[in-house]
Amino acid sequence: MISRGMVSLFLLLALQTQAFAHGGVVEEDDICVIKVNYLRAHFKIYQPRTSGHEQFCEDLPAAGESVFVMEFMHDALQTMPIDFRIIRDVTGKGRFARMEDIEAIDDLDAATVFYQSATLEPDVYSVVHTFENEGDFIGIVSATNADSGEVYAAVFPFEVGFTGWGYWPLFIGILVLIQIQYLAMSGRLKRWFAKSSPAAMLLAAMLLPMSQPSHANEFIVTYTTPDGPPEINRMHSWILYVESDSGDPIEGADIEVDGGMPAHNHGLPTQPRVTEDLGDGYYRLDGVRFHMSGDWEMFVTIRSDESEETVVIPITL
Amino acid sequence: MNTRAPIIVIVIAVLAVASAAWWWSENRPPAAWSEDEVAVLESLWLESLPDLPPDPTNAVADNPTAIEFGQQLFFDTRFSVNGGISCATCHQPERHFTDGLPKGVAIGMSKRNTPSIVGTAYSPWQYWDGRRDSQWSQALSPLEDPDEHASNRLMTIAIVVEDKKYWRMYKSLFGEAAGVDTMYSNIGKAIAAFERTIMPTTSRFDEYVAAVAAEDRERQAALFSDDEVRGLRLFIGEANCTQCHNGPLLTNNEFHNTGLINFPGEVPDKGRIVGVREVLEHPFNCEGPHNDAARKECGELAFARTGADLIGAFRTPSLRNLENTAPYGHKGQLATLADVLAHYNAAPDAMIGHNEAKPLDLNDRELMQIEAFLRSLAAPATFEQDKT
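Taken in sequence, the protein lines are chains L and B. Under my numbering, the very last position in the first sequence is 1558; numbers go up by exactly one each time. Under my numbering, the very last position in the second sequence is 444; numbers go up by exactly one each time.
I should point out that these hints are in silico values taken from the structure, not numbers from a laboratory. Fair warning: this is a prediction, and the values are worked out from it, not measured in the lab. Among the clues, some could well be false.
Per label pair, the in silico range of CB-to-CB distance [unchecked claim]:
| hint | chain 1 | residue 1 | chain 2 | residue 2 | range |
| --- | --- | --- | --- | --- | --- |
| 1 | L | Val1392 | B | Ala358 | 37 to 43 Å |
| 2 | L | Pro1470 | B | Ala402 | 27 to 33 Å |
| 3 | B | Ala76 | L | Arg1290 | 43 to 49 Å |
| 4 | L | Asp1350 | B | Glu294 | 53 to 59 Å |
Note that the Cβ used here is the ideal one computed from N, Cα and C, for glycine as well.
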């Protein structure tokens, strides 16, 4: 229990500080994943000349030779031509830069510092680029579906020469998290959530780090699990946050949730339901239970105004 | 004061006993070899090397004329675009048939570290990634590589045909002129006949194993220092070296990912996963039209393993005569033996694929002892010229 708590603590820290996470600590529970639409790959960056075998996830400590590696988790990526572009951040959006911002750039080539044209890679994808200067950059990975011609893209803003804000945020973060962990483990947090008001749930959603975003065309869904990280055979609750592709919260939507294990061709053991609209795009989802470890998918179907769409959230237990 | 004096005496006495015990444990003579250990030592002994297996893909593999012809071809610099590069440019006999560089330099810079030829007649696979399955098909590849000899098949054949001595030897072995690929592969088979004779010789380690086998303690002590004995015991034990570096050539000739770092400016080398695809399709492979073997003799090719665990995997090199084969690794990433041992001791995560090695947690002294043992494997290579 303690080691699980510690791992999740480190995971939370890694998410919160956007640290050069992904060192030895989270080896097993690898959080550095790149998602190209629904296709996922382990993502890691090396600066072998200055940092040896140390792995980075997004931000890099210094300029210089950097090797980007993607190890595919979906076989489909082996059959899709992939191209890789790195641009200086000319969008002015920093961390919040998205595909539309890239598409709005007039002269993409002028901003490009590295481009690897589309290639098929059956084994493991890697590129090497030497950053001349420190600064803010955006990486864009595109994969083309050979059948439909559809282009899937992943956009990841990152900083080269990232120095962070010193140890203060980390220190305070640890104190807060230790307290939350304590409350969670003592069961008090759970009891509190069980009877808590929408305002308390909202507060929890803001305090707890949200998951990586899952995209469909119009909606983006992130979630957090207020009563501890999901574990098998335990009924628990989620807080969903639904936003539009442009980043506006979707309020008052009609949401249905289903799920299953694609590898085993079976569904969830329960029928989870959204029990409360918490406002500001947050929804409380109760009755979630997983009964096997492995790769699961949650299908969140959102009906809002005239549009209806299903967002797929991958989760590994 | 009176009560304190004895305490100090006791503390000093305990410290003295403890340090004496430590000194003794570090410096006492190493234990005698157990029966199991002797069996492992004998398996690494050059005396245990079986007779050279026949090469069914090469009908002239053991033909004396082919060996002599091949030896002359091996050292002939005319087989290159500028007339300055021979096989021996990178495979230098005095350096155990390597070149002392991270990556070979000929017409351009080669893609990998120059591997030794010594004992490769025993290997089912050639090159770091095993992209060829015979010595003769390997020998033909550098001739056409734009960074190595940068020559081509027609130029190579023309030199043989126009040189009276070469043409006489060629005809006696293979007959009259034939198709380009047939003649070109015949030239490779002559080079391979010579390369088959390149073998390691008896090292101090082998003499030591002979002394162990004879249970001659005195001769063992004369041949190996305590550090070397301890290093050898680590090598066959705790350090797991013999998982891959086994047999009398200290290699299993198989492919392993050991998590070496990329060469500056290059993406990580994918190694065997690419090499195995190439050898399966190559026209000069064991199942191709230019080899002399029956299809049923191509067991290695027919049962070659593919799959994701070959990502970033490279062929285990022999450890005989490491003195002359530095730098080490498929791109010469590790300059010294100490660097190699430090790498295995740490066993970092691989940049691509998965490092098969696990951290060893050995201390500096133990690493030094393994290095001392490895140096006892030094012995020059022998080849046909020496024998005649």
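Hint check results:
For Val1392 (chain L) and Ala358 (chain B), the hinted distance range of 37 to 43 Å is satisfied, since their beta carbons lie about 41 Å from each other. Checking the proposed 27 to 33 Å range against Pro1470 (chain L) and Ala402 (chain B) shows it holds: the Cβ atoms sit about 31 Å from each other. In this structure the hint that Ala76 (chain B) and Arg1290 (chain L) lie 43 to 49 Å apart at CB holds, the actual value being about 47 Å. Distance hint check for Asp1350 (chain L) and Glu294 (chain B): the Cβ-Cβ separation is about 56 Å, which falls inside the suggested range of 53 to 59 Å.
No hint from the list above goes unmet by this structure.
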